[in-house]
Amino acid sequence: MTVRVQKDIEKLKQRLLEMGLVIEEVFSKAVRCVQKRDITLAREIIEGDRAVDIAEVDLEEECLKTLALYQPVAADLRLIVAVMKINNDLERIGDLAVNIAERILTLSQRQDVELPFDFNRMSSVVRDMLKKSIDSLVKLDKQKAREVLACDEEIDSIHRAMYSTASENMRQSPNKIEYLLNAIAISRYLERIADHITNIAEDVIYLIEGEIVRHNIKEGQDKK
Amino acid sequence: MKRKLLWQLFFAFSAIVIISFIFYAAVSFRLFTRFYEERTVSDLSAHLSIAEHILSTAWNSEASAETQAVLLRMGKDSDIRYTVILPNGKVIADSVEDPSLMANHDDRPEIIAAIAASEGGKGVAIRYSPTLKKDFVYVAESVKNNGQLQFVLRVARPLATINEAVSPLFHEVLLALFLIVALAIIISFFVARRISMTLAVLRDGAESFARGEFTHRLPVPPTGEFAQLAVSLNAMAEALDDRIGTITAQKQELETILSSMDEALLMVYEDERVVRINYAAEMLFEVSAQAVAGKPVIGLVHNKQLYEFIREVISSGITANRDVELFDADSKVLHAHGAIVPSAEGSAPRMALFVFSDITHLKRLENIRKEFVANVSHELRTPITAIKGFAETLLDGAIDERENAKVFLETISRQAERLGSIIEELLALSRIERDTDRKEIVLAREELKPILDSAANSYRQRAEKRGIIIEVKCDEMQPVMVNRQLIEQAVGNLVDNAVTYSHDNGLIEVLARREGGEIILSVRDNGIGISSEHLPRLFERFYRVDKARSRKAGGTGLGLSIVKHISIAHGGRVAVESVTGKGSMFSIIIPA
Numbered sequence: 001m002t003v004r005v006q007k008d009i010e011k012l013k014q015r016l017l018e019m020g021l022v023i024e025e026v027f028s029k030a031v032r033c034v035q036k037r038d039i040t041l042a043r044e045i046i047e048g049d050r051a052v053d054i055a056e057v058d059l060e061e062e063c064l065k066t067l068a069l070y071q072p073v074a075a076d077l078r079l080i081v082a083v084m085k086i087n088n089d090l091e092r093i094g095d096l097a098v099n100i101a102e103r104i105l106t107l108s109q110r111q112d113v114e115l116p117f118d119f120n121r122m123s124s125v126v127r128d129m130l131k132k133s134i135d136s137l138v139k140l141d142k143q144k145a146r147e148v149l150a151c152d153e154e155i156d157s158i159h160r161a162m163y164s165t166a167s168e169n170m171r172q173s174p175n176k177i178e179y180l181l182n183a184i185a186i187s188r189y190l191e192r193i194a195d196h197i198t199n200i201a202e203d204v205i206y207l208i209e210g211e212i213v214r215h216n217i218k219e220g221q222d223k224k
Numbered sequence: 225m226k227r228k229l230l231w232q233l234f235f236a237f238s239a240i241v242i243i244s245f246i247f248y249a250a251v252s253f254r255l256f257t258r259f260y261e262e263r264t265v266s267d268l269s270a271h272l273s274i275a276e277h278i279l280s281t282a283w284n285s286e287a288s289a290e291t292q293a294v295l296l297r298m299g300k301d302s303d304i305r306y307t308v309i310l311p312n313g314k315v316i317a318d319s320v321e322d323p324s325l326m327a328n329h330d331d332r333p334e335i336i337a338a339i340a341a342s343e344g345g346k347g348v349a350i351r352y353s354p355t356l357k358k359d360f361v362y363v364a365e366s367v368k369n370n371g372q373l374q375f376v377l378r379v380a381r382p383l384a385t386i387n388e389a390v391s392p393l394f395h396e397v398l399l400a401l402f403l404i405v406a407l408a409i410i411i412s413f414f415v416a417r418r419i420s421m422t423l424a425v426l427r428d429g430a431e432s433f434a435r436g437e438f439t440h441r442l443p444v445p446p447t448g449e450f451a452q453l454a455v456s457l458n459a460m461a462e463a464l465d466d467r468i469g470t471i472t473a474q475k476q477e478l479e480t481i482l483s484s485m486d487e488a489l490l491m492v493y494e495d496e497r498v499v500r501i502n503y504a505a506e507m508l509f510e511v512s513a514q515a516v517a518g519k520p521v522i523g524l525v526h527n528k529q530l531y532e533f534i535r536e537v538i539s540s541g542i543t544a545n546r547d548v549e550l551f552d553a554d555s556k557v558l559h560a561h562g563a564i565v566p567s568a569e570g571s572a573p574r575m576a577l578f579v580f581s582d583i584t585h586l587k588r589l590e591n592i593r594k595e596f597v598a599n600v601s602h603e604l605r606t607p608i609t610a611i612k613g614f615a616e617t618l619l620d621g622a623i624d625e626r627e628n629a630k631v632f633l634e635t636i637s638r639q640a641e642r643l644g645s646i647i648e649e650l651l652a653l654s655r656i657e658r659d660t661d662r663k664e665i666v667l668a669r670e671e672l673k674p675i676l677d678s679a680a681n682s683y684r685q686r687a688e689k690r691g692i693i694i695e696v697k698c699d700e701m702q703p704v705m706v707n708r709q710l711i712e713q714a715v716g717n718l719v720d721n722a723v724t725y726s727h728d729n730g731l732i733e734v735l736a737r738r739e740g741g742e743i744i745l746s747v748r749d750n751g752i753g754i755s756s757e758h759l760p761r762l763f764e765r766f767y768r769v770d771k772a773r774s775r776k777a778g779g780t781g782l783g784l785s786i787v788k789h790i791s792i793a794h795g796g797r798v799a800v801e802s803v804t805g806k807g808s809m810f811s812i813i814i815p816a
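Quick mapping for you: the protein sequence lines, in order, are chains A and B. Heads up: the first sequence at position 153 corresponds to 153 in this note's numbering, and the numbers run straight through without jumps. Heads up: the second sequence at position 387 corresponds to 611 in this note's numbering, and the numbers run straight through without jumps.
Next comes chain B alone, as it looks inside the complex (with noise of 0.2 Å):
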């Protein structure tokens, strides 16, 4: 952890105060001491010019002992001390001790000066005595007559002196000093705390920015550099929320279009991996988008070709579209499209994009035109081969065999009308199917039994050369909105195959009844049956169960086709229930 500015501040506040203070009172007292000192020197010339006068007006060099009792009576109640010295350096009196026992002071620094000076200059020293064992300050002058140096006064005054003078006033003034040094160092360490506990603020809202809380603004200091971070930092805080909510939205609106896609889109890495799938893509391969995140797409897909297209265009770059047919339970047909992504930056790994459309029922719609161009076109190429056959066998020259010509003929009428009831029946179905288109089918109130009962007897005679019995049971009801033409060539199209498809003497009920606001008219009979897996494609065109057996019956193979479009027609459906071996049941169900 980084030393605190707090105590970077303080120490550095403190650390300026404490040297000021040093300094400044080794300062002050050198001031202090030099001051007293000047003074000091200055009262001794005072004291100087005294005893010199005192004592050169009645000099003699050999009285000493006058001249000691002189200085003796000057220094007596005073600290100061006089000193009488010879030129020779001889010290003849002195006010303190006797001088006899003092040393020879010619070498005395002031002494020298004293008698190196010109007129009226003075020695000054500050120095140790050894006579006395002390410092002090000594001033001495030399005193001339006429020219000549008859001997040096100097006067002295004990160092201790001044220091006892300047301490209590030195103490003071530290005193003094001390006490602002100390409130400096307590305001220093308030303002150095103030500014940390500001820098804490800010980096506390600034911590709370960095964990995504935009929704706060810092207070803005007062202090002019910080008032600028912070509003720097509010600043910054908006942009950046503005941006989030920006790219936000924007995912947001990604993530909508992806799940509302009705196409399967898929994203993979260049290593096979999967980015992300999207809703209908975990609908289509039954998964879910967090279980395949970031595994192998080899166990997403369960389809080698997928996977082989994929694989492809990963390793191709080349930007494909493919149909491939998944071969599980449903047979679902997928267009697939697959691209690279080109990476946004260079250091992204590369993707590529897939998008699977369901176009199952697009290829079953497909399927089953061409089946009926196929089967129409068979359908009447075969009357035709057989009249042209036989017209050419006639011309050729079968016309004139009478027996053989008479039998041609029939076959080719007969051929030529089985034409004639293709297209009829053809045409009548595109019709139906036109008039449906164009809501012109024209619906009124009619009686149901009449309709049902008509239909029965048309087939009525063929049902009993083969013994087999048509029963028509109608319930009771109110007359129903159909059109009378068309419901009646329906159920009897339905009775048409129930008499095809009956065994001898079998039984067939054409029945009708009201249920839940629908009209429900069924036509069952207990003849061969159909088998589960032709059930759905029963009503498509041309669609036979057994190719042989129906086409030798003469059926064209659109019967169903028009039951159902009729069936429609009139805003119903229909609906069919078989079971192999024992009978089917085939009902056109419409609004009453």
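Same shape as in the complex, but just chain A (with noise of 0.2 Å):
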């Protein structure tokens, strides 16, 4: 009986790490699509995300389902929690990334004009972050979940920088504006998307340690 718990619980987590290989690619693409101001990738994304929208909600079912049928504790508990919770944030994740894709659908339009941020540093961190956070979850390596968490202070400053040079950028140029606030919406997806990849590290670290890391409670506060 424990080996066939085991055993579904095992494919719950496979076809979560599916499920975040797939969001790793729709990112890049993403990343790929602004860099490049390509439409038919920016389609592509879009087009895409029904089937992680409906994979999503699969995933979340067969939890449920595992839950019911073995009510497991410890353990096995905390993993189906942190599988439905990471779940839910890398479809989060997907659907901020398609969001990113239809603000290039508008920028397209005007090839010349620069984002007021630096877009490849900010998409190469997130970038980074993503993959470690879904690094953590494999190995279980508190380490890096913490290193995930460390990077989101670089996101929120590049992002609160963005503000100001936009708002000169718009001075200068007014004809433009349209355009620029397109371009801090997609720094704020950004930073949006960094927070929710903080939280799957939050839940990874909650998943080894058994410990809520989230919103910064510290230990020994409100215990029974």
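Careful: at least some of the hints might be erroneous.
[Unchecked claim] Subject to a maximum C-alpha distance of 30 Å in a straight line, what follows is the list of computed DSBU-like cross-link-like pairs (lysine-lysine):
| no. | chain 1 | residue 1 | chain 2 | residue 2 |
| --- | --- | --- | --- | --- |
| 1 | A | 85 | A | 132 |
| 2 | B | 556 | A | 144 |
| 3 | A | 144 | B | 519 |
Rather than coming from a laboratory, the hints here were simulated on the basis of the structure.
Both chains are sitting in their own frames, so use the hints and assemble them into the complex.
Here is the structure:
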């Protein structure tokens, strides 16, 4: 009986990892799409989201089924909970990638304008974070997960700096306001993707330690 | 722990020796006793004859008192007992006991035997005497006169006497035997120990072989069978050493091949766990071989297409090839080859082998070529379309309208010229490349400044129309090994671009300086600049940053490409720095 449970739970984790792969690819495509202002790629991303949504719902249902069937406890329970939560975060990242693609559809009409922030740097850091967070899940590596949390700082600061650059640009070239508004959105989406990735990392830490580290709630507080 | 051989042998030997001893002791005892009994019997028979002789000469069955006296006399000072018994069994005389007290002896076996015996026969018995309450040896004979039984004469000797005689002898024999046994036991102990120790040595040797130490050889014991065993073990050690050496060498070979391969190698079990990866794969996937061994492969390849390819090959069992694009920071393209490895033995799990070669470079070249062909076709088609169009229009009747005809023909002429320049530049480019390949570029020592001035002057007129100033600043230096025509063309192209992309009233500087064994020729402008994403591809043929603008300006898109190849022809390189909105600086760097 226990072997059966283990196998089913392993399968859930496997499916989550596959989801992770898909989202990694979607994100990379989105980055490429922004760099090349590639409309075809943007359409691909937008159309591909349906499959991601379906996969997310499927996986969640599988998890609920497993919970109902086996009523697992302790580590197994934490694992299934973590799978469900990370599943959600991954799907949200997919949606945000779609949002970025949609901005590109608008932006692609004006090729000569640059984004008011270092997109290459920001996307590279986020890509790294995503890879590391999934890695930390695969290897159950707390260290890696914490590194992901540390990276979020930089993303936030790039995003904040972007606002001042953008408003300066808007003052200088009012004709580009529409464009710049879209560019700001892209930065925002990236920043939110980063937040979801940190959620994933926190879920991994929870899975490993059995402790909830979100919102900086310290140990010892609010204990029964 | 099994019973030690030593003790087994020892006990066996000792048991044999002791049993033999006991057996032999018993047998000798029996023999001795028998011997003495027979001796006693014959001895007694002799006494019997003498006594018979004495008694039968004056036999009178009535004169028992005299008989008794005779017997007493004979039995005195001797341990022999004489007894005379009448045919009816009555004892009439005995040398030891009072005859009247003695029972009837007709039931005594020796008497019965003596009576029944033929002439000269005797009855012998060894038995317990109820009378004297001791064991005796009896010999009896019947004495006859003229065939008629007169009496039975019996002599006897106590058995104890015999025993007394035998015992000391027997004890001596026993002692001797005991010593021999002790000696035998000691010797058997040592022999057993010797065997056991030899075996122990061989066993230790075999154990060290089992541990993998093949460097020593077993000493050969003197005993035949053990010697053979030792020799066999040594031969086995040698063979094993050899084989292990071969296997290790093969393994080393394999490791060397795998780790020096350029391609990334991945081996996976049927259940998708990783068997091993080689060094190139470690680099490609940024993991360490130990970290991923035995883990599911999905964690290794952070790529959906790769993972699906792996899955497909495993499930279908068919060898497959695919080009996979990694959407990572470098946009690598991998050529993946996967095949199932037929399992060596039935029990071993099936494995799949994947080899990934990095074909990013190839793909890029392919893309460049495709783009180039497309670009050339397009570039050539445009002027040709215009020429055709206008020519047809003229033929259709526009030729009759003088004003329009003139305009059209001018256009045709311009387009033809444009076509000409494109083709000229393409030819020039390919010539430069070919000559570089064939090493036919001619270099000569030339002064740089005149060349730079000449290049700048070609475009001065055009520049001045928009108020742009071109300055030539050439450092003092020796003449340089260059091909004058090509360098002038290259610098000219750079100046041309600078003029095209400068603002009105801008400044263009043509600089030459010497730095660290190299000559650096630069053209700097403060025009519109170029954004960073275009810089890597700037020198590609027909590459345009902004298609619309440069076509209007009349460029062919080949200028920078020509500059690059001219630099390469001189054994140098090109470089560009640019900031959007501030300007650019293009440099040709050649060896001094």
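Hint-by-hint comparison with the structure:
no. : hint             : result
1   : 85/A with 132/A  : holds (17 Å)
2   : 556/B with 144/A : holds (25 Å)
3   : 144/A with 519/B : holds (17 Å)
When held up to the earlier numbered hints, the structure conflicts with none and fits them all.
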